[in-house]
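Chemist: Residue-level listing of the chains:
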Amino acid sequence: QKEVEQDPGPLSVPEGAIVSLNCTYSNSAFQYFMWYRQYSRKGPELLMYTYSSGNKEDGRFTAQVDKSSKYISLFIRDSQPSDSATYLCAMRGPNSGYALNFGKGTSLLVTP
Amino acid sequence: EAQVTQNPRYLITVTGKKLTVTCSQNMNHEYMSWYRQDPGLGLRQIYYSMNVEVTDKGDVPEGYKVSRKEKRNFPLILESPSPNQTSLYFCASSFREEAFFGQGTRLTVV
Numbered sequence: 049q050k051e052v053e054q055d056p057g058p059l060s061v062p063e064g065a066i067v068s069l070n071c072t073y074s075n076s077a078f079q080y081f082m083w084y085r086q087y088s089r090k091g092p093e094l095l096m097y098t099y100s101s102g103n104k105e106d107g108r109f110t111a112q113v114d115k116s117s118k119y120i121s122l123f124i125r126d127s128q129p130s131d132s133a134t135y136l137c138a139m140r141g142p143n144s145g146y147a148l149n150f151g152k153g154t155s156l157l158v159t160p
Numbered sequence: 329e330a331q332v333t334q335n336p337r338y339l340i341t342v343t344g345k346k347l348t349v350t351c352s353q354n355m356n357h358e359y360m361s362w363y364r365q366d367p368g369l370g371l372r373q374i375y376y377s378m379n380v381e382v383t384d385k386g387d388v389p390e391g392y393k394v395s396r397k398e399k400r401n402f403p404l405i406l407e408s409p410s411p412n413q414t415s416l417y418f419c420a421s422s423f424r425e426e427a428f429f430g431q432g433t434r435l436t437v438v
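Chains as they are written, first to last, in this note's numbering: chain A, 49 to 160; chain B, 329 to 438.
Note that these hints are calculated values from the structure, not bench results.
Here the structure is a predicted model, which is why all the values come from computation and not from measurement.
Using N, Cα and C, we set each Cβ at its ideal position, and we do this for glycine too.
Please note that the accuracy of each hint is not assured.
[Said to hold, decoys possible] Result set (EDC-like, lysine to aspartate or glutamate): computed pairs, CA atoms no more than 16 Å apart in a straight line:
# : chain 1 : residue 1 : chain 2 : residue 2
1 : A       : K118      : A       : E51
2 : B       : K345      : B       : E407
3 : A       : K104      : B       : E425
4 : A       : K90       : A       : D131
5 : A       : K90       : B       : D366
6 : A       : K115      : A       : E53
[Stated by the list, open to error] Pairwise CB distance ranges, derived in the manner of DEER restraints:
# : chain 1 : residue 1 : chain 2 : residue 2 : range
7 : B       : T350      : A       : S74       : 30 to 40 Å
8 : B       : Y338      : A       : P160      : 27 to 37 Å
9 : B       : K385      : A       : N75       : 31 to 41 Å
[Stated by the list, open to error] Here are a few chain B residues that sit away from chain A, every Cβ distance over 12 Å (derived from the structure):
#  : residue
10 : T350
11 : Q365
12 : N401
13 : N412
14 : A427
Excised from the complex, chain A in its bound form (with noise of 0.2 Å):
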C-alpha cells in the first residue's frame, strides 16, 4: 500500500463552486502535511501547510487535517478557473529530514 493516497480526477466544476481535494495516509508518524498546486508545464509551488492536527485557513483555501483517521482535505471557496491546476499533498515525520511523500496529485478543471 502506497503510504499517500490520493484520487487523481479529473475533477470538473463550474466557476463558483466549493471544492474539495481529499488525501488519505498510512503512516501515522507524518505531522507535516502540504498542498502543492501545480500548473501545467511549471514546478509544484507550495500552497498551504499544516502541523499536526486541524485547521487552517487562508483566503479561499483551507487546509484541514484529521490525524485520528489518517485523512487530509483541501478546501477551495468560490472556485475560479485560474483555480485550474493539479493539487499535490505531501506529508512528512518529524525525522525524516525534508524528504517528502507526495500524492499523486489530483487535476482540477474549473469552468467559467
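With the hints as your guide, set chain B onto chain A.
Modeler: Same frame as chain A, now just chain B:
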C-alpha cells in the same frame, strides 16, 4: 527573487549517452533534492543532499548519480540513460516546510 533554476528544460537523447541536468538555487538552502514525475506514479524522490558533500538515495535512485560540491548547485547525472528514464524531472531546494521547485526538465531517451 528566490529561484531554483534547472537546465535544460527539454532534452531528447539516445540510449547510453551520458547527460547532466544542472540545478542551481539562490536561497542558501542546505537541503536539495531531485524528483521525477510520471503519469500515474506522481512525484518520486531520486536523490537528496543535506549539505555540501552529503548525498543520499531517495526512493528511485537506480541509474542516477548526483554530486554536491557547492551549496548552490546539485546536478543530476545519468551515466547511461535508458528509455525507462524518460520522465519529467524536478530539482527542489527546501527550508523547513517549504520546498521550492524548479521549472522542470522534460527528458526523452530514445
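Chemist: So B/Q365 supposedly isn't at the interface. Is its beta-carbon more than 12 Å from every beta-carbon in chain A?
Modeler: About 9 Å separates B/Q365 from the closest Cβ of chain A, which leaves it inside 12 Å; violated.
Chemist: Take the C-alpha atoms of A/K115 and A/E53, compute the straight-line distance between them, and say whether it is at most 16 Å.
Modeler: holds (15 Å)
Chemist: Given a hint of 30 to 40 Å, does the C-beta separation of B/T350 and A/S74 actually sit inside it?
Modeler: Holds - the Cβ-Cβ distance for B/T350 and A/S74, about 36 Å, lies within 30 to 40 Å.
Chemist: Are the Cα positions of A/K90 and A/D131 separated by 16 Å at most?
Modeler: Measuring from Cα to Cα gives roughly 14 Å; hence the hint holds.
Chemist: Take a quick look at whether B/K345 and B/E407 sit within 16 Å of each other, Cα to Cα.
Modeler: The given pair, whose Cα atoms are some 7 Å apart, holds under the 16 Å limit.
Chemist: Beyond 12 Å from every Cβ of chain A: is that where the Cβ of B/A427 lies?
Modeler: Label violated. Min Cβ-Cβ 6 Å, cutoff 12 Å.
Chemist: So if I understand the rule, the pair passes when the alpha-carbon distance is 16 Å or less; does A/K104 with B/E425 pass?
Modeler: holds (15 Å)
Chemist: Taking only the CA atoms, is the gap from A/K118 to A/E51 under or equal to 16 Å?
Modeler: Holds, at roughly 11 Å.
Chemist: Does B/T350 sit more than 12 Å from chain A, CB to CB?
Modeler: Holds, because the least Cβ-Cβ distance between B/T350 and chain A comes to about 15 Å, which exceeds 12 Å.
Chemist: So B/N412 supposedly isn't at the interface. Is its beta-carbon more than 12 Å from every beta-carbon in chain A?
Modeler: About 19 Å separates B/N412 from the closest Cβ of chain A, which puts it past 12 Å; holds.
Chemist: Against the range 27 to 37 Å, how does the distance between the Cβ atoms of B/Y338 and A/P160 compare: consistent or not?
Modeler: Between B/Y338 and A/P160, where Cβ atoms are some 31 Å apart, the hint holds.
Chemist: Using the Cβ atoms, figure out if B/K385 sits within 31 to 41 Å of A/N75.
Modeler: violated (19 Å)
In summary, the numbered hints that this structure violates are 9, 11 and 14.
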